[in-house]
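Trainee: Listed below are the residues making up each chain.
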Amino acid sequence: MTKAIQLGSLCALLLISLSCEREKRQVYQNPELNELAMGGAQNPDIAPGPAARPPVSQKPLNPVGPYDERAFEIARGQELYINMNCLGCHAMGGGGMGPPLMDDEWLYGSDPKNIYISIVEGRANGMPSYRGKMTGRQVWQLVSYVRSMSGQLRKDVSPGRTDSMQVKKPELAKEKETPIPQRPGAEQKEQQR
Amino acid sequence: MRRIGYGLLLLLLAGCGTHQQSVTNSAGTQAARIEILWWWMLGILTTIFVIVVGFVLGAVSRRRGGSEQMPEAQVIDSARDRRLSRVILVLVIMVILFEFGFLVASAIVTKYERGMSSKNPVEIQVIGHRWWWEFRYASSQPSEVVVTANELHLPTGVPILIKASSADVIHSFWVPNIAGKRDLIRPYQTSMWLQVDEEGVFRGQCAEFCGHQHAHMAFYVVAEPMNRFQAWLQAQKAPAKEPLEHKARQGRDVFMKSPCVTCHTIRGTDAGSRVGPDLTHVASRSFIAAGTLPNTRSNLMQWIRDSQSVKPGNLMPSMDLETSELESLVAYMQSLK
Amino acid sequence: MSTIDRTINEQEAGELKTKLHDLWREPPGFIGWFAHVHHTSIGKRFFVTAFIFFLLAGILAALMRLQLSRSESHLISPDLYDQIFTTHGTAMMFLFAVPMMFKAFSTYLVPLSVGARNIAFPRLNAFSYYIYLFGGILLFGALLLNTGPDTGWFSYVPLSGPQFSPGKRVDIWAQMITFTELSALGVAIEVITTVFKLRAPGMSLNRLPLFVWSELVVAFMVMFAMPAVMLSSTLLILDRLIGTHFFNPAEGGDPLLYQHVFWFFGHPDVYIIFLPGTGIISAVLAAFSRRRVIGYMAVVLSVVSTGFLSFGVWVHHMFATGLPALGMSFFSAATLMVVVPTAIQFFLWIATLWTGKLVIRTPMLWALGFLFVFLIGGLTGVMLASIPLDLQVHDTYFVVAHFHYVLIGGAVFPMFAGLYFWWPKITGRMLSETIGKWHFWLFFFGFNLTFFPMHMLGLRGMTRRVYTYPPESGWQYLNQLAGFGAVLMVFGILAFLVNAWRSWKGGAPAGDNPWGASGLEWGTSSPPPPYNFLFPPTVNGREALWDAAPDQPVVTGFHNDSREVLATKAIDADPEHISEMPGPSYWPFLAAVAVGGLLIGSMFTPWAVVWGAIPVTAALVGWFWPNKNEVERRRSREIWEPEN
Chain S
1 MTKAIQLGSL CALLLISLSC EREKRQVYQN PELNELAMGG AQNPDIAPGP AARPPVSQKP
61 LNPVGPYDER AFEIARGQEL YINMNCLGCH AMGGGGMGPP LMDDEWLYGS DPKNIYISIV
121 EGRANGMPSY RGKMTGRQVW QLVSYVRSMS GQLRKDVSPG RTDSMQVKKP ELAKEKETPI
181 PQRPGAEQKE QQR
Chain F
1 MRRIGYGLLL LLLAGCGTHQ QSVTNSAGTQ AARIEILWWW MLGILTTIFV IVVGFVLGAV
61 SRRRGGSEQM PEAQVIDSAR DRRLSRVILV LVIMVILFEF GFLVASAIVT KYERGMSSKN
121 PVEIQVIGHR WWWEFRYASS QPSEVVVTAN ELHLPTGVPI LIKASSADVI HSFWVPNIAG
181 KRDLIRPYQT SMWLQVDEEG VFRGQCAEFC GHQHAHMAFY VVAEPMNRFQ AWLQAQKAPA
241 KEPLEHKARQ GRDVFMKSPC VTCHTIRGTD AGSRVGPDLT HVASRSFIAA GTLPNTRSNL
301 MQWIRDSQSV KPGNLMPSMD LETSELESLV AYMQSLK
Chain B
1 MSTIDRTINE QEAGELKTKL HDLWREPPGF IGWFAHVHHT SIGKRFFVTA FIFFLLAGIL
61 AALMRLQLSR SESHLISPDL YDQIFTTHGT AMMFLFAVPM MFKAFSTYLV PLSVGARNIA
121 FPRLNAFSYY IYLFGGILLF GALLLNTGPD TGWFSYVPLS GPQFSPGKRV DIWAQMITFT
181 ELSALGVAIE VITTVFKLRA PGMSLNRLPL FVWSELVVAF MVMFAMPAVM LSSTLLILDR
241 LIGTHFFNPA EGGDPLLYQH VFWFFGHPDV YIIFLPGTGI ISAVLAAFSR RRVIGYMAVV
301 LSVVSTGFLS FGVWVHHMFA TGLPALGMSF FSAATLMVVV PTAIQFFLWI ATLWTGKLVI
361 RTPMLWALGF LFVFLIGGLT GVMLASIPLD LQVHDTYFVV AHFHYVLIGG AVFPMFAGLY
421 FWWPKITGRM LSETIGKWHF WLFFFGFNLT FFPMHMLGLR GMTRRVYTYP PESGWQYLNQ
481 LAGFGAVLMV FGILAFLVNA WRSWKGGAPA GDNPWGASGL EWGTSSPPPP YNFLFPPTVN
541 GREALWDAAP DQPVVTGFHN DSREVLATKA IDADPEHISE MPGPSYWPFL AAVAVGGLLI
601 GSMFTPWAVV WGAIPVTAAL VGWFWPNKNE VERRRSREIW EPEN
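Residue numbers (the numbering used here), protein chains in the order written: chain S, 1 to 193; chain F, 1 to 337; chain B, 1 to 644.
These aren't lab readings, by the way, just hints derived from the structure by calculation.
Computed from a predicted model, the values in this text were never measured in an experiment.
Among the hints, a few may not be true.
[Said to hold, decoys possible] Using 30 angstroms as the maximum straight-line C-alpha spacing, the simulated DSSO-like pairs for lysine-lysine come out as follows: (1) F:257 - S:113; (2) S:3 - B:569; (3) S:169 - S:3; (4) B:569 - B:17; (5) S:168 - S:113; (6) B:44 - S:3; (7) B:197 - B:569; (8) B:44 - B:17; (9) S:3 - S:155.
Next up, chain S with everything else stripped away, as it sits in the complex (with noise of 0.2 angstroms):
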């Protein structure tokens, strides 16, 4: 019986440690995210995370970003892509005046830092800036949720479905798509279409 409880205690205590990734939600960690986005292709350093950190570096690019494996984050960034009005030219995905986000095809690249530039200073072709107008946690949430559009995302944190109409299937059901560079002179291209 006593084994049992030392048993019992010891999983508990490992079990506590090794807390999931996925559920954290964390609103008071990295305070310097709630500064507005200012940056983007001058300020290469965009890259929210532990404290410790060098101002200028040549680190390699990210390739996750920080809110990929966590699913409130994820949920929060579709909250924001409804409300900023993302989808008054990308759809829910599907695109219309902006390109889709759910397929293969990113003309500025994949990668988490990429599209934090794309929203915060905007792009050719018709993408606002949002600099100033967003802090830098909800720019890195959009981010996530952006990513689980074309399946980035692992399944257990993409969001499911919202409570609306449906035109798509949700997130956490999307097969991923593997990003393709997009060749010189593809918004041309774009245009064409």
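Using the hints, position chains F and B against chain S.
Mentor: Coordinates of chains F and B only, in the frame set by chain S:
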């Protein structure tokens, strides 16, 4: 002047726990009737409780068996058992009759509620959001519709029609001093009649668990005579006045170039987003953040700079603005009377 | 072949004991533990496991009380608080109340009370235990991994739907329900079969003990109610994981559907928790009043009608949703109606007390405490049946007070009464009366101090499920009072643990029938031997031991070379045939592991249902593979032919 008075009254009453948000301190028609039903039921049921427990204790004190050994099982006196069963039958019939009476009384109270109506009621649409309240005062003219948030003004003495719905999850609209609650469930819009009989300020709170900040989703009801209510409504219809102070005008610029404009409406400016509460007349409200903080300069500054510390998990992000920008922004907020 | 013999030869009895012991004993050791199939072994596991979940959920409640003892306290974040209150409710309802009151008490006591050697479908019984254990480990493991459910124990959509509850928290909640409800359904099947087919000859249905009646009715209720919650949780998981639209209003679904389906289960669920308590109280009151309960027929009919009526009241949980008034008024009336059978039972118990020769021991104290506490809960329930009153106090601490009074009064108090009453039978040792009294009074006062102020908190506007409240609300004082009461309750439970520990280590030996009670279970040794009864008994009246004739016959004539039981006819318990029970087997455990793997995998991908079906099929094939010896025995004995 009156508005300041009400603000003070609100803050005073906020310190006085007994009046606000209580079922037994009714100021509305329905709440008053329910309160009568409540006191009657409490009295009758307490009496029943005392009688029944009395019998139990009586039985315990009356006949005791041995203390050490268990005595032999008793020989049954069937005649006495049958007599007792007949007594119990009578008691059960009394219980049934009492319950029937209770049912009728409840039906009468409900009937009064459902029977309220009015030719030209004040119609208010209540929309629950995570974690704030949107109130839309209906009008046949779209330009006369008043949209406000978190503070509900009601005229006393007249039936009011509430149309309750939700924008996201299930919430529940409840002002205990005035009436029973109504769940706000998307996609339904259910109708509910209210009448407030006494002037005053009453606190309401969301009564259906709606997520992390369910505990901080309150609202205040200001009940005032019809003329004062109409004056308030008229003032709310007006767009935001041009701010007089230079700092407030700077604050407006800060508002327009910050994340604020992506979520909030200030009528009379270009800010027209409906994600968050309407701020056109935010300075006329006594509380901010859905009844969480009194509407003061320092609270506004704390709320804007670090809303996550006040309501962790809520949808307004903590924003690290420059102090000077924050101060002018708050000056602008306070000018929006 | 089997005869009802009038004589027992002493020397033969001694030889028989050894033979039966070898036949029926459970495999020893740690590995052997996984192959046990006897109801006393599995029943003890249900008791212990359910009690551990009670303690864990109680710790969560203590944390809630701590957080709420100060206004705007920052002790526990809202996210963690939401997980704590959800896990507290879920664990108490699904992992403690139903498993303890129904599964534990039935599994251990129903076969003994009806004179059977084992429960029907013993391997299913073992499987039910393992699957329940795995469900509980899933829930608490999730809480420790920050994946605990956080949307309340009934988890309304749209909050618990895919848009507003990201991650796996709600999926774990929904799937855990599948675990526990599978378990309950298994035990329900076993209870119904045991009561209808394995009773002692002479125990016609109108001689069934009141405790067994209550468990029988509850078993039927389980069969009708549990599928509803499995449906609601399955629809929820489908919406979340696959993108179905059961609760999506934009595509033809309806959030209210969830509430209806859930509460169609939810209300009978609380009667599933309460009715076994009434059976225990009947047994305890009879033993300690030294007379049978008055009005047997009325009590039985009350239990049965409560079972039926409880399925017709579920909308009283939905009075605030704006449903049409006429429809809701039917449910208001039905809610008042369901009070009446319980009132009948109450009056009959008091009449029994009034005409009995009362002996106040600890089990009796708990029974009297039940009468006091449950009465308060029942009366506030009458208040809540009224729609206008409910519209004011619904979803406030008034309702929290009400349901804790009926659940703790109606389940925990009878549970302790039953534990103190049957502890000597289960363990062979007595519990201390002194510590028992400390336990009772500490818990009784603590409970009332904790929950009575909550009535007032609700009337003063404090809503449920809030992690904090403003200082100017004036609620802090009453919350602190409730906190003090919680401390007393903790000390009471500690007293019980001390009492149990001391008794286990060296309490006074109990003997067969320390209370002089009348049930058949008291007619065998304490603890019962692995074969329960040396000779299966017969019965002469409602109170088996009190109405027994001096030369009450027993059942003999078994071959005694396998695990034989006597199956009897359903209504009058006339002997029908001899049935063979399976022996120890590892397959229930393996099947539970396979099913658990399938269910947990299906939270992450629908393919788990496909791939997971393979181990499940393998386990079931192993389970049902015919035993060669048994087949030969049946053939040689033509065991299915009726007796002449």
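Trainee: A separate judgement is required for each hint: does it hold in the structure or not?
Mentor: Outcome of the hint check:
This hinted pair checks out: residue 257 of chain F and residue 113 of chain S have alpha carbons roughly 24 angstroms apart, not beyond 30 angstroms. The straight-line distance between the Cα atoms of residue 3 of chain S and residue 569 of chain B is roughly 46 angstroms, outside the 30 angstroms bound, and the hint therefore fails. A distance of roughly 49 angstroms separates the Cα atoms of residue 169 of chain S and residue 3 of chain S; the hinted pair therefore is violated under the 30 angstroms criterion. Note on residue 569 of chain B and residue 17 of chain B: the hinted pairing holds, with a Cα-Cα distance of about 27 angstroms set against a maximum of 30 angstroms.
Of the pairs offered as hints, the one joining residue 168 of chain S and residue 113 of chain S holds, with about 26 angstroms between alpha carbons and a cut-off of 30 angstroms not exceeded. As the CA atoms of residue 44 of chain B and residue 3 of chain S are separated by approximately 18 angstroms, the hinted pair is consistent with the 30 angstroms bound. Between residue 197 of chain B and residue 569 of chain B the CA atoms are separated by roughly 6 angstroms; this keeps the pair inside 30 angstroms, and the hint holds. Distance restraint check for residue 44 of chain B and residue 17 of chain B: the Cα-Cα separation of roughly 23 angstroms lies within the 30 angstroms cut-off, and the hinted pair is therefore satisfied.
Distance hint between residue 3 of chain S and residue 155 of chain S is unfulfilled; the C-alpha atoms sit about 38 angstroms from each other, more than 30 angstroms.
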